[in-house]
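Please take these sequences and the hints and turn them into a complete structure.
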Amino acid sequence: MNQKIKQKIAFFILFLSICLVVIPIVLLVIFIGIKGLPAINWEFLTGLPKQGMRAGGIFPAIVGTVYLVIGAVLFSLPIGILSAIYLSEYAKENILTRLIRLAIINLSGVPSIVYGLFGLAFFVIFFNFGTSVLSGSLTLGIMILPIIITATQESLKSVPYAFREVSLSLGATKWQTIKNIVLPNALPGILTGTILGIARAAGETAPILFTVAAFYLPHLPKSIFDQVMALPYHLYVISTQIPGVPDRMRYGTALVLLVMVLSINLIAIILRYQLRKKKRW
Amino acid sequence: MKKLREFIIEKTIFLSGIASILFVLLIFLFLLLNGLSLFKTVNFKDFLLGENWSPVCEPPSFGILPLILGSLFVTLTAAIISIPIGIGSAIYIAEVAPLKIKEFLKAMVETLAAIPSIVLGFIGMVTLVPWIKRIFNLPTGLTALSGAILLSFMALPTIISITEDALYAVPKAYKEAAFAIGATHWQAIHRVILPAAYPGIFAAVMLGMGRVIGETMAVMMVTGNAPLIPKSLLVPVRTLTATIAAEMGETVAGSEHYFSLFAIGIILFIISFIINITAEFFLHRE
Amino acid sequence: MVEKKVEVKNLNVWFGQTHSLKDINLDIYDNEVLTIIGPANSGKTTFLRMLNRLNELQENFRFSGEIIFDHKNFFDFSVQELRKKIGMVFALPVPLPLTVFDNVAYGPKLHGIRDRGKLKEIVERSLRLAYLWEEVKDRLNASAFLLSGGQQQRLCIARTLACEPEIILFDEPCSGLDPVSTAKIEEAMQELKKDYTLVLVTNNVKQAARVGDRTAFFLSGELIEIERTDRLFTAPKDNRTEGYISGRFG
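Protein chains in written order, with numbering that gives the first Met the number 0: chain A, 0 to 280; chain B, 0 to 285; chain C, 0 to 249.
Bear in mind the hints are in silico, worked out from the structure with no lab data behind them. Treat the hints with care, as some may be off.
[Unchecked claim] Distance ranges between label pairs, derived from CB positions:
(1) Ile180(B) x Lys156(A): 33 to 41 Å
(2) Phe43(B) x Gly15(C): 46 to 54 Å
(3) Trp41(A) x Ile112(C): 53 to 61 Å
(4) Gln50(A) x Arg284(B): 28 to 36 Å
(5) Ala39(C) x Thr277(B): 41 to 49 Å
(6) Leu47(A) x Pro83(B): 47 to 55 Å
(7) Ser222(A) x Gly15(C): 53 to 61 Å
(8) Leu25(B) x Ala39(C): 50 to 58 Å
(9) Asn72(C) x Leu32(B): 54 to 62 Å
(10) Asp177(C) x Pro159(A): 42 to 50 Å
(11) Leu15(A) x Arg284(B): 28 to 36 Å
(12) Thr277(B) x Asn72(C): 50 to 58 Å
(13) Ser222(A) x Glu123(C): 54 to 62 Å
[To be verified] Cross-link-like lysine-lysine pairs, in silico, DSSO-like; alpha carbons within 30 Å at most:
(14) Lys99(B) x Lys178(A)
(15) Lys2(B) x Lys173(A)
(16) Lys156(A) x Lys230(B)
(17) Lys108(C) x Lys178(A)
(18) Lys119(C) x Lys8(C)
(19) Lys108(C) x Lys136(C)
(20) Lys178(A) x Lys119(C)
(21) Lys174(B) x Lys3(A)
(22) Lys84(C) x Lys91(A)
(23) Lys108(C) x Lys10(B)
(24) Lys156(A) x Lys1(B)
(25) Lys10(B) x Lys5(A)
(26) Lys10(B) x Lys91(A)
(27) Lys173(A) x Lys156(A)
(28) Lys156(A) x Lys99(B)
(29) Lys8(C) x Lys173(A)
(30) Lys84(C) x Lys178(A)
[Stated by the list, open to error] Just some of the chain C residues that point at chain A, by a computed CB distance under 8 Å:
(31) Ile27
(32) Glu58
(33) Phe73
(34) Gln79
(35) Lys83
(36) Arg158
(37) Leu191
(38) Ile223
Values in this document were obtained by computation on a predicted structure and should not be read as measured data. Glycine is no exception: its CB is placed at the ideal position from the N, C-alpha and C atoms.
Next comes the structure, spelled out in structure tokens:
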């Protein structure tokens, strides 16, 4: 009996701790929703900022973020997928492979601000790309590389080994086997990983601080060597750097960023769920 | 022809495979190239243990002890808050929650992981900071405590999901054996499952703390950024990361100040390296 | 005079420290059915995988000895060419995650046949040879996973046949199947031996007696005896062979 009461108390404490996690999240989303929704209208989403960002819209910031994300994915997707293919299909168990794994773990742990420093020193100054969409995209691309590699590797691993053996036994080369059998079946998993990478890239601020982000730039970029505004940085600027920005606009910007990132994540979650249901082997 | 194509493809794949190593080396190299330049003019000991960070004064002073202590203060406090809540939540999700609720809770944790740090920072700034100010009756709510609370929140998804994995990895037979000798579910959890999952949980905590030390934007928005050695939790502090983010924009490339921020970057890189290697060691011990 | 299709000379295989095949010497004749019997871990599957060069996918694989195929050194052929000429059917049916049609057309496509009409012809012929055509001709575009276990295994045979091999290796092809499916596959084999050389690894002694022209008995990585099937089963020379076929061990 005593043990049963102990268990009840223990489980209640566990329940409280999960409440401490979940309730603030729900409140936060609702809070931003309620406060930000009044700001959302056509002009806010598609207009240029006015009066030193105290009025007008956030269109350039949305576009900037989209450009950055596209650039980052274009850079990291091919490298990430090929890298995962190397690790799961070609690599032998040796020191080099272990070093690669170590490097991936390390890349995923490097603080985002350190990526910012690296992007500044390497892309902006060393390669002389300047503060530009190019520098920012490459920096973000390296940052999301471990996400894409890990996800791809996992989905490659989930393709049964027997398929590879059968394909080879019919006279396929290794690459033909990968291209015809392994990759098509790993695709949904790769897509999920890529989407999560996109969400991460869209929400990060620190890596773009010194590599791309423009404080105030009320027009759209013309080339990859231009600076852009970006949503996360814009939120930072209007909430800490500029006095007198109406609250409505701050919450509105936060809401747009939050909805963007969370809906990208939601797509990934749904995709993964569908994938689990559909598995045929 | 077929052979040549296969050869080219394999080489491309190999080069991509080692790209991660290349990037890690490049990051470290470029941090070193810039950061080490500081030590031509500044003594390393004065940098690491100097109590005064005033890079734009005449003469400038580059002591990062206040920043290290700031980071440490915020991180340790965040750890004290997030470790019990995180581990408790993970146990609840993995062992106690009914299946339907479990899926919902996992989705919530994933949502929290996805919220951009700048949004959390913003929310902290407009809610947490005024609350702290009012509750403790302070001149400002921008304090180490505000940062710690916010950061503990950001460490939670990492701690929860990795602890959960560690709990799942405990062989079912252990739990069944505990039930077989008449243990309650809770006894099975804290006598059998938790001890068996200990290395994984330790790794979870390490990685959670790694996340906290490296976090930049949120912490910068709520801690007040005063580069002073903190005497309590209720004063403004400045972390290593926030220093880089706040000051890089004002520096001239190639100046002492510029180099000093890279030197801080080296320290952060090394800390994250050690944390990740240790966590990895505990995660994959066999 | 029967032609020697394959000559295996002093073949040794190791996986790490394990010596899996020891000094194997045997010939495979043109258009015969050679069955290989033996208890688990006797090396019979390793021997079969040697002929399709699948063993080398494992990192710790080493071998010594010589194999002659069509009077030429086995290893002078490219791996892909060799695997096309010596096809393999695995123990468990493994359809590729493609349609029925694409499963069978997979090999010919790899070997450069692009023409749709030609592919259709090959697919139909292969499916007929595997006694599967009548059952699947209306669902060629369905996923291969929708077929029953026995149908899947015959699909795998058709897939191997579509590569137009000279030798077909069967690795316990009926081990996961019910008696009716097994009978159908044996029927297909009887038909196939008119045009192909078959090597059948089986742990079903009765199946070996039913199908094999000659039978080899492997034990602990050694070839104990190889003989015409009727003779091996009626008058085995080695008493280990006798012990195995009469069911005393294995």
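Consistency of the hints with the structure:
1. The supplied range of 33 to 41 Å is met by Ile180(B) and Lys156(A), whose beta-carbon atoms lie about 37 Å from each other.
2. Phe43(B) and Gly15(C) have their C-beta atoms about 50 Å apart, which keeps the hinted 46 to 54 Å range intact.
3. Our hint of 53 to 61 Å for Trp41(A) and Ile112(C) holds, since their Cβ atoms are close to 57 Å apart.
4. At about 59 Å, the CB distance of Gln50(A) to Arg284(B) disagrees with the hint of 28 to 36 Å.
5. Judged by the Cβ atoms, the range 41 to 49 Å given for Ala39(C) and Thr277(B) holds: they are separated by roughly 44 Å.
6. The supplied range of 47 to 55 Å is met by Leu47(A) and Pro83(B), whose beta-carbon atoms lie about 48 Å from each other.
7. A hinted range of 53 to 61 Å holds for the C-beta pair Ser222(A) and Gly15(C), which are about 58 Å apart.
8. About 52 Å separates the C-beta atoms of Leu25(B) and Ala39(C), a value consistent with the hinted range of 50 to 58 Å.
9. Evaluation of the 54 to 62 Å hint for Asn72(C) and Leu32(B) yields a pass: the beta carbon distance comes to about 56 Å.
10. At roughly 23 Å, the beta carbons of Asp177(C) and Pro159(A) sit outside the given window of 42 to 50 Å.
11. Remark: the range hint 28 to 36 Å for Leu15(A) to Arg284(B) is upheld by a beta-carbon distance near 32 Å.
12. At about 53 Å, the beta-carbon gap between Thr277(B) and Asn72(C) stays in the expected band of 50 to 58 Å.
13. The hinted window of 54 to 62 Å between Ser222(A) and Glu123(C) holds, with their beta carbons roughly 57 Å apart.
14. The hinted pair formed by Lys99(B) and Lys178(A) fails the criterion: a straight-line CA distance of about 38 Å is larger than 30 Å.
15. With a CA separation close to 11 Å, the supplied pair Lys2(B) and Lys173(A) stays within the 30 Å bound.
16. Restraint check: the Cα-Cα separation between Lys156(A) and Lys230(B) comes to about 51 Å, which exceeds 30 Å; the hinted pair is violated.
17. Among the hinted pairs, Lys108(C) with Lys178(A) is consistent with the structure: their alpha-carbon atoms are about 13 Å apart, no more than 30 Å.
18. Proximity of Lys119(C) to Lys8(C) is assessed by CA-CA distance (about 40 Å); at most 30 Å being required, the pair is judged violated.
19. With a C-alpha separation of about 20 Å, the suggested pairing of Lys108(C) with Lys136(C) holds against the 30 Å cut-off.
20. Distance check on the hinted pair: Lys178(A) and Lys119(C) sit about 23 Å apart at the alpha-carbon level, within 30 Å; holds.
21. For a cut-off of 30 Å, the pair hint linking Lys174(B) to Lys3(A) stands: about 17 Å separates their Cα positions.
22. This hinted pair checks out: Lys84(C) and Lys91(A) have alpha carbons roughly 29 Å apart, not beyond 30 Å.
23. At most 30 Å may separate the alpha-carbon atoms for a hinted pair to count; Lys108(C) and Lys10(B) meet this at roughly 25 Å.
24. For the given pair, Lys156(A) sits about 27 Å from Lys1(B) by alpha-carbon distance, which is consistent with the 30 Å threshold.
25. Between Lys10(B) and Lys5(A), the direct Cα distance comes to roughly 61 Å. Violation of the 30 Å bound is thereby established for this hinted pair.
26. Distance hint between Lys10(B) and Lys91(A) is fulfilled; the C-alpha atoms sit about 15 Å from each other, no more than 30 Å.
27. Note on Lys173(A) and Lys156(A): the hinted pairing holds, with a Cα-Cα distance of about 16 Å set against a maximum of 30 Å.
28. Proximity of Lys156(A) to Lys99(B) is assessed by CA-CA distance (about 28 Å); at most 30 Å being required, the pair is judged to hold.
29. Taken as a hint, the Lys8(C) and Lys173(A) pair is honoured in the structure, with Cα atoms around 29 Å apart against an allowance of 30 Å.
30. Only pairs whose Cα atoms come within 30 Å are accepted, and Lys84(C) paired with Lys178(A) is accepted, the gap being roughly 23 Å.
31. Proximity of Ile27(C) to chain A is violated relative to the hint, the smallest CB-CB distance being about 18 Å (cut-off 8 Å).
32. Using the Cβ-Cβ criterion of 8 Å, the hint placing Glu58(C) at the interface with chain A is satisfied: the shortest such distance is roughly 6 Å.
33. Annotation: interface hint on Phe73(C) violated; nearest CB of chain A at approximately 15 Å, more than 8 Å.
34. Using the Cβ-Cβ criterion of 8 Å, the hint placing Gln79(C) at the interface with chain A is satisfied: the shortest such distance is roughly 5 Å.
35. Given the 8 Å rule on beta carbons, the hint for Lys83(C) holds: about 4 Å separates it from the nearest Cβ of chain A.
36. For Arg158(C), the interface hint holds, since its Cβ comes within 8 Å of a Cβ in chain A; the closest pair sits about 7 Å apart.
37. A hinted interface residue such as Leu191(C) counts as satisfied when its beta carbon comes closer than 8 Å to some beta carbon of chain A; here the least separation is about 17 Å, so the hint is violated.
38. With 8 Å as the threshold, the beta carbon of Ile223(C) stays out of range of chain A, its nearest partner Cβ sitting at about 28 Å, so the hint is violated.
When the structure is compared with the earlier hints, violations turn up for hints 4, 10, 14, 16, 18, 25, 31, 33, 37, 38 and for no others.
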